[in-house]
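J.: Protein chains in written order, with the numbering used here: chain S, 1110 to 1309; chain G, 1110 to 1309.
Simulated from the structure, these hints should not be mistaken for laboratory data.
Heads up, some of the hints might be wrong.
It does not matter which identical chain is meant; a pair holds if it fits inside one copy or across any two.
[Stated by the list, open to error] When the alpha-carbon atoms are kept at most 30 angstroms apart in a straight line, the in silico DSS-like pairs for lysine-lysine are as follows:
no. : residue 1 : residue 2
1   : K1283     : K1164
2   : K1229     : K1126
3   : K1154     : K1201
4   : K1283     : K1205
5   : K1229     : K1205
6   : K1164     : K1154
7   : K1205     : K1131
8   : K1164     : K1131
9   : K1119     : K1131
10  : K1205     : K1120
11  : K1154     : K1198
12  : K1201     : K1164
13  : K1164     : K1198
14  : K1119     : K1164
There are 2 protein chains.
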Amino acid sequence: MKKTETRIQKKNHSAIKSAGLKVFAQFGFRGSTLDQIAAESGLSKPNILYYFASKDAIYEALLAQLLTDWLQPVRDIDPAGDPVEEILKYAKHKLKMSRLYPRESRLYATEIIQGAPRIKSVLTSELREIVENSALLINHWADSGLIRAVDPYHLIFSIWAITQHYADFDVQVKAILGERDHFEDAEQYLEDMLRRMLTV
Amino acid sequence: MKKTETRIQKKNHSAIKSAGLKVFAQFGFRGSTLDQIAAESGLSKPNILYYFASKDAIYEALLAQLLTDWLQPVRDIDPAGDPVEEILKYAKHKLKMSRLYPRESRLYATEIIQGAPRIKSVLTSELREIVENSALLINHWADSGLIRAVDPYHLIFSIWAITQHYADFDVQVKAILGERDHFEDAEQYLEDMLRRMLTV
DNA sequence: CGTCAGTTTGACCAGTTGGTCAAATTATTA
DNA sequence: TAATAATTTGACCAACTGGTCAAACTGACG
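Starting from the given sequences, assemble the full structure and let the hints guide the process.
T.: If you want it as C-alpha cells, here you go:
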C-alpha cells in the first residue's frame, strides 16, 4: 500500500532520520530541537514536518528501527553451535555494532537512562522473553557440561555493558587511550574474558 | 571567606542540588528546565536563581561534586595490598555506588554521552593520569606474577561498564529480572569474573 | 507545452524557556 | 523592639519551542 516512495521522499526521509539520530543521540528527546534537526539535515523546519508528523514521530521511527536491529543478533545465537563460540560470536557482533553505529547505541542509552518511557513495554515483553530464552539455553549448556556454570543473566548484562561502553563512553575512552583505534584491543580483552569465564 | 553559610542557605542549596540531580540525571542538561527543578525542590524559580547564578551553575556544582566522589575510590587502591583483593574491593565499591547513587551515575552518563562538553579537560588530565597510574600498578602486579597478565585499561573499562550498567540501565535490568534486588547476584558474578580473570 | 500532484518556504502563533527586578516578607541582631 | 540583612515572590521580558498554513515553487508525465 505505502510501497510507493518517490525518489525525493526516500532521500528526505533518510536525511531527516540521519540528522535526527545525530541530534537525539547527543541531547536526548527533550534536549533536541526541530531547528537542530533542520540545520543538520539541510531542510527547513516546515519541510521536515511535511515528512514526519511531529518531532515525536521522528524519534519513534528511529527507536523502532533500532529495536529490531538490536534484538536480531540475540536471535542469531545457534543452540546447536559450539557454546563458547556462539557466545563469543554474539559478543563480537555487539562490539562491532558499537564501533560502526555508536550513535544508535547512544540513542538507545539516553532512552533507557530517561526511564525508557516509550519502549518500556517492549523491554518487559519482547526483550525479556528473548533474554529468558537465551538464559535457558546458557543454563542448558552449563548443565550439559559444555560451559562453566555462570549466572546467564549477568553474563548477558556484562556483555552488553562492556560492548556498549565503547560507544556510549567513547569520549572518556579516547580521553584515556588517545585517539587511535582501540577496538582491536577491546575485542581481544572481551574474548579473553569470555573464554576464561566459560571454559570449564 | 565563604565559610559562613546560614541554616537556610545550607538547606536550600542542598534542596536545589538534590532536585537538580534528579532532573538533570533523567533529562540531561538541555532537556531539563528550571521549572522542573523548582517544582522538585519546592522553591520558586526566582528563589532558585537567588541561590545559584544560573541553570548552568547548578549543573556545574553537581558535576564538580560528582567528579571528586568518582575519582576517590581509584585513589584508594593500595599498591601494597593483595592485588586481587584490592581490585575486587574497588569493583565492589563502584557497584555499591551504583546501588546507592544511581542518579549520580546517570548524570555522569548523560554528560559523557553528550560529549562531556564541560568536563573533557578533567577527563584528559586528572582522570587520564589516575587511570594511567592504576594501569602501571596493574602491569607491575602482573610482572611480579601476582596476577594474570591482562590489558589494564580494558580491565578498568570493564569494571566501570559493568558496575555502571546496573545504575544507568536500571529500567532494562528490572524489566528482565523483575523488581527484586539483583545487586547481590551482580556482586557475586563480578567477583567470579574478576577472580577468573586475575588469578594466575 | 500545460497541468497537477508533490514539494518547499516565509510568516506566523501560542506556549515555554532562562533570567530579571522591584517590592514584599521574614529572620537576625543591636 | 527597631533596624537591618537575608529571603521570597509576582510580574515581567526576550528568545526559543513545536507546530500551522497559505502561497509559491518544482518535477513528472500526457
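J.: What are the numbers of the hints the structure violates, in ascending order?
T.: Hint check: 3, 11, 12 and 13 fail, others pass.
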